[in-house]
Amino acid sequence: MNLSKQKNERKLFLAQRYFYAGFAFLPFVWAINAVWFYKEAFMTPPYAEQQDIKKYVIRSGFGAILWAAALIAWNIVFQTNRVAWGETGDDLSFVIPQGRP
Amino acid sequence: MGWIWEPSRSGFSVMLSGIILWLISSLCLSRADRTFTKVYEPILGTNACFKRLNGTHEIGCRSSSKGDVGILHLIEDKHSINWVLKDGPNPPYIAMLYPIDFTYENIIQFRDSGRVNGVLLLKEKGRNSTSFSKDSTCPNANYGIYNSSSPKHCKNWNPSGNSLLWENLNFPIFYIHSATETDKLLKCFDNFNRPVNGITARGWPLCASQLRSFMLGAVDTPTCLRRSNVFNMNPGAAKVCDPLGDQNIWASLLPHNASSSEPYPNNSLIVIAARIDGASLFDEISPAADSSISGLITVLSIMKHLGDPSIRDQLGSEEEGDNPIKNVYFMLFNGESFGYIGSSRIVYDMGLSNFPFNVSSIRYFIEVNQASVSSSNGSYFLHQSDLSQSKELTDLIEKHKQLLNLKMEVVRPRNEWGLPPSSLQSFLKDRPDLTGIVLTNHKKEYKNKFYNGIFDDKDKISYYYGDRGVYSLQQNVASLAATVSNTVIELLTSSSDLKVTPDPETVDELFHCYLESANCSIFYELTGMKQVPKPYATYVGVATHLTSMSQVCKLVASRYLGYLVENVTESECWKMQKTKGYYWMNESCYDISSINSTEARSPAFLIDGYDWRSGKYSSWTESIWQSFSVRIFIKPSLAHEVITLVSGILMLGLSMLVVGKINEKADIIFESRSEALVC
Numbered sequence: 001m002n003l004s005k006q007k008n009e010r011k012l013f014l015a016q017r018y019f020y021a022g023f024a025f026l027p028f029v030w031a032i033n034a035v036w037f038y039k040e041a042f043m044t045p046p047y048a049e050q051q052d053i054k055k056y057v058i059r060s061g062f063g064a065i066l067w068a069a070a071l072i073a074w075n076i077v078f079q080t081n082r083v084a085w086g087e088t089g090d091d092l093s094f095v096i097p098q099g100r101p
Numbered sequence: 001m002g003w004i005w006e007p008s009r010s011g012f013s014v015m016l017s018g019i020i021l022w023l024i025s026s027l028c029l030s031r032a033d034r035t036f037t038k039v040y041e042p043i044l045g046t047n048a049c050f051k052r053l054n055g056t057h058e059i060g061c062r063s064s065s066k067g068d069v070g071i072l073h074l075i076e077d078k079h080s081i082n083w084v085l086k087d088g089p090n091p092p093y094i095a096m097l098y099p100i101d102f103t104y105e106n107i108i109q110f111r112d113s114g115r116v117n118g119v120l121l122l123k124e125k126g127r128n129s130t131s132f133s134k135d136s137t138c139p140n141a142n143y144g145i146y147n148s149s150s151p152k153h154c155k156n157w158n159p160s161g162n163s164l165l166w167e168n169l170n171f172p173i174f175y176i177h178s179a180t181e182t183d184k185l186l187k188c189f190d191n192f193n194r195p196v197n198g199i200t201a202r203g204w205p206l207c208a209s210q211l212r213s214f215m216l217g218a219v220d221t222p223t224c225l226r227r228s229n230v231f232n233m234n235p236g237a238a239k240v241c242d243p244l245g246d247q248n249i250w251a252s253l254l255p256h257n258a259s260s261s262e263p264y265p266n267n268s269l270i271v272i273a274a275r276i277d278g279a280s281l282f283d284e285i286s287p288a289a290d291s292s293i294s295g296l297i298t299v300l301s302i303m304k305h306l307g308d309p310s311i312r313d314q315l316g317s318e319e320e321g322d323n324p325i326k327n328v329y330f331m332l333f334n335g336e337s338f339g340y341i342g343s344s345r346i347v348y349d350m351g352l353s354n355f356p357f358n359v360s361s362i363r364y365f366i367e368v369n370q371a372s373v374s375s376s377n378g379s380y381f382l383h384q385s386d387l388s389q390s391k392e393l394t395d396l397i398e399k400h401k402q403l404l405n406l407k408m409e410v411v412r413p414r415n416e417w418g419l420p421p422s423s424l425q426s427f428l429k430d431r432p433d434l435t436g437i438v439l440t441n442h443k444k445e446y447k448n449k450f451y452n453g454i455f456d457d458k459d460k461i462s463y464y465y466g467d468r469g470v471y472s473l474q475q476n477v478a479s480l481a482a483t484v485s486n487t488v489i490e491l492l493t494s495s496s497d498l499k500v501t502p503d504p505e506t507v508d509e510l511f512h513c514y515l516e517s518a519n520c521s522i523f524y525e526l527t528g529m530k531q532v533p534k535p536y537a538t539y540v541g542v543a544t545h546l547t548s549m550s551q552v553c554k555l556v557a558s559r560y561l562g563y564l565v566e567n568v569t570e571s572e573c574w575k576m577q578k579t580k581g582y583y584w585m586n587e588s589c590y591d592i593s594s595i596n597s598t599e600a601r602s603p604a605f606l607i608d609g610y611d612w613r614s615g616k617y618s619s620w621t622e623s624i625w626q627s628f629s630v631r632i633f634i635k636p637s638l639a640h641e642v643i644t645l646v647s648g649i650l651m652l653g654l655s656m657l658v659v660g661k662i663n664e665k666a667d668i669i670f671e672s673r674s675e676a677l678v679c
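Those protein sequences? They're chains S and H, same order as listed. When we follow UniProt numbering, the leftmost residue of the first sequence carries the number 1, and every step to the right adds one. When we follow UniProt numbering, the leftmost residue of the second sequence carries the number 1, and every step to the right adds one.
It is possible that some hints are incorrect.
Short derived list, chain H residues pointing at chain S, Cβ under 10 angstroms [claimed, not checked]:
1. Arg62
2. Ala218
3. Thr223
4. Ala238
I should point out that these hints are in silico values taken from the structure, not numbers from a laboratory. The model shown is predicted, which means the values in this text are computed figures rather than measured ones. We put the CB at the ideal spot given by N, CA and C, even for glycine.
Please build the complete structure, drawing on both the sequences and the hints.
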C-alpha cells in the first residue's frame, strides 16, 4: 500500500490500528508501524491528523525498542545460563544441542 | 566471429550455451572422480573409541561434529612427545603411537596440552607390548561388597590397568587394526612430516588427518535419557543414548516346573556362574580371552558334563527329601564389566520374586572367573566369600582336583585382599552370609596383563587350536570343569561312584569358536548358518540390541542342557517352539524350556525416581553416534589456503563482471543475424 496515496483519516486509522494490534504481544507490528509511518509523522508537511499519527509512531517505536531490549536481555541470560540450569535449561529449549552440555 | 555456436543477444542464450558447454565438458570427463576423492585418502580398518555416560559424568572420546584435523606426528621417543606437546611449530597435531606408548600419562598430557586434536593407535609391528589393560586397577570396586572406607575396597587386582577406559578424553581416538592402512599413514608421515634429522621441522605442505567420531550424548545418564525422551515430531529421533545391557542366560539342570512344584527351600540350590562380557576402549573389538571367555567355556563345559543324559538321569533319580541339594542352576551374566549389570539385575529380580528362587535358596555359589592356565607351573586358586561355610565344598573340590591332578590352591578366607572382583559380590551385597567360591588363575594380582583390553586374545593365553597336551590350556580348563562337575555330582548324589572325565576336545572346539572364528562346526550346527570367520565381540552393547555373543551362548547352553525330543520332524518341532519351548538344532529337536534368557539391564533404569548419584546400581549408557571416519590429506600452509580462497572469490567476481559487461554490449560484440533467428 502506498501511504502517500491514502487519505489522512485512513492513515490515522491505520497507525492507530497497528498500535493497538501490537498489544497482542506483537512487537513486530509496533516496529513496522514505527518505520512505516515515520515519514508521515515527521517528514511530511503538517496536517490535522499528523499529531495523533506522531503519537502512535512514538509509542509504537518505544514499545518495539522495549520489547527488543527485553528479548535481547533474556537471550543473553538464557544463553549464558542454559547449561547451569540443567533440566530447566533443557525444558526451556526448543532445539536441544547434541553432544554438549 | 561466432565462436559461440549460436550468436544471440539475450542473457538466456548466454546461460544456455554455458550449460551446454558444461554438459559437454562433464561428458568428456565423466570418468573423473568427485573432488573430495582427489583430496582425501580414507583410512579403513579402524575401531573408534566412543562415549559412555553414567549417573554423574561421561567417559570416552568424541570429535567435533565436523571432525578434528591435525598434522600427523609419530610418537617414537621422548623427543617426539615433546615435539607434539610444545616444540612442533604447526599444531594442532594428530599423534600416532604404538601400544607401548599408549599410556595414561601420555594420553592425559595430550588431552590437556591443547595442541593435540586426536590420537591414532597403530597396530604393533614385531614387538609386542607386555601389558595393555585400560580397565581400572580394581575393576568394579564401586559396585562391590567393600565400601570405600574398607582397606579391601580397591586392592591392586589389575596392576597393568591404567583406567583410561574410565577417563573423559574428549578428543577422537582410533585404533588402526589394518597393517596396510598403518603403512599408508606412516608413509604419509615419512614423506611429508618427519622432521629433518629429527630436529628441523619440514615446510608446508604437510600430511594431515581428519578424525570424525561425533557423539550425540553428553553430560551424564540422567541428562541424556531426559533429552532422549523430549517430545519430538519423529518419535525416537531425539534419542542420544541407550542403557547398556543385553541378556543373562540361566538354566536349571533338573526340571523345575515353577507353577506345579513347591518353591525351593532355603539353602537347596547350587549356582554355577560365569560372565559373558568383556570390555575395551574401542568399538567392535573386545576379545576378552582370559577376562571372560576362559571362565565362560569352563562353565559351558560343566553344562556338557552334567547335562549328559547318562549323568543327568542318575542325578534326577535321587529320592525327594533325601538330599538337601535339590537342583543346580547355571548363570551366565552379561554386562559385568560395567558395574555387574547382569548379576545385580538377577538379584534385583529375585528380590521382586520375578525369578524361580531367591538368594536365600542358594546353598553354594560357584563362580568361574579368569580361568586360563597354560603352563606347568600355573595353578588355580579358590577364593571364598568372607562369611562362607564352605568347608564341605572346598574339601570335595580338593578331593576331586587331586583325583584329576589339577593344581589348585585354596585361598584362606578373610585374608587382607578380600574377594576378587566377581559377580558373586552382587549376591553377597544382598546376602552377606552366602557361601560362595570364585575359581580363578590368580591369587592376588591378575595373571592376565591384558584384562579387558583389545589384546586380550588367544595368543596371550597360549591357545593353540588342536593342542591338547598335558599342560595345555585345553587340558587345564577341561580338568577344572571336570573337577567342579564331579564335586557337584557328589553333592547331588551323596556318593562318589559317578564321575566324569575331562573333555579337552570340547574345550578345544569351544575356544576355537569363541576366540578364533565363529564360523566353526559347533556354532554352525546350532545356528544352521555360516558365521563371519572371526570371533564375536564380547562387549555387552546396548540393551535395545541383542549381541550375537549372548544368543550363541544361549544356544550352546541349550545344546548341552536341552532334552532331546525324539520322533519329531523339523516342521513339527518349530510349531511347538512357542507352546513347549522346542528348538530345532543339530538336526534334532530339543526341549529347551529350562534354558532361559532374561533382560540384563541395570535396575537403575527400572526404578522410578532412582537416585543417579547413589551409585547403588550400574548407570552406564552408551552415546549414539552417526558415523566414524578417518582420512588423510595433504594440507598446504594457511597463507596458501587463504590465497587460494581469495583468488577463487576474485575470479568469480571478475567472471561475473565480464559476463555482465559482454551481455550488456552483446549487440555490438556479436554480429546480428536476421531478426527471425533471434527470440
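Each hint, compared with the structure:
1. Arg62: holds (6 angstroms)
2. Ala218: holds (5 angstroms)
3. Thr223: holds (7 angstroms)
4. Ala238: holds (7 angstroms)
The structure meets every hint from the earlier list without exception.
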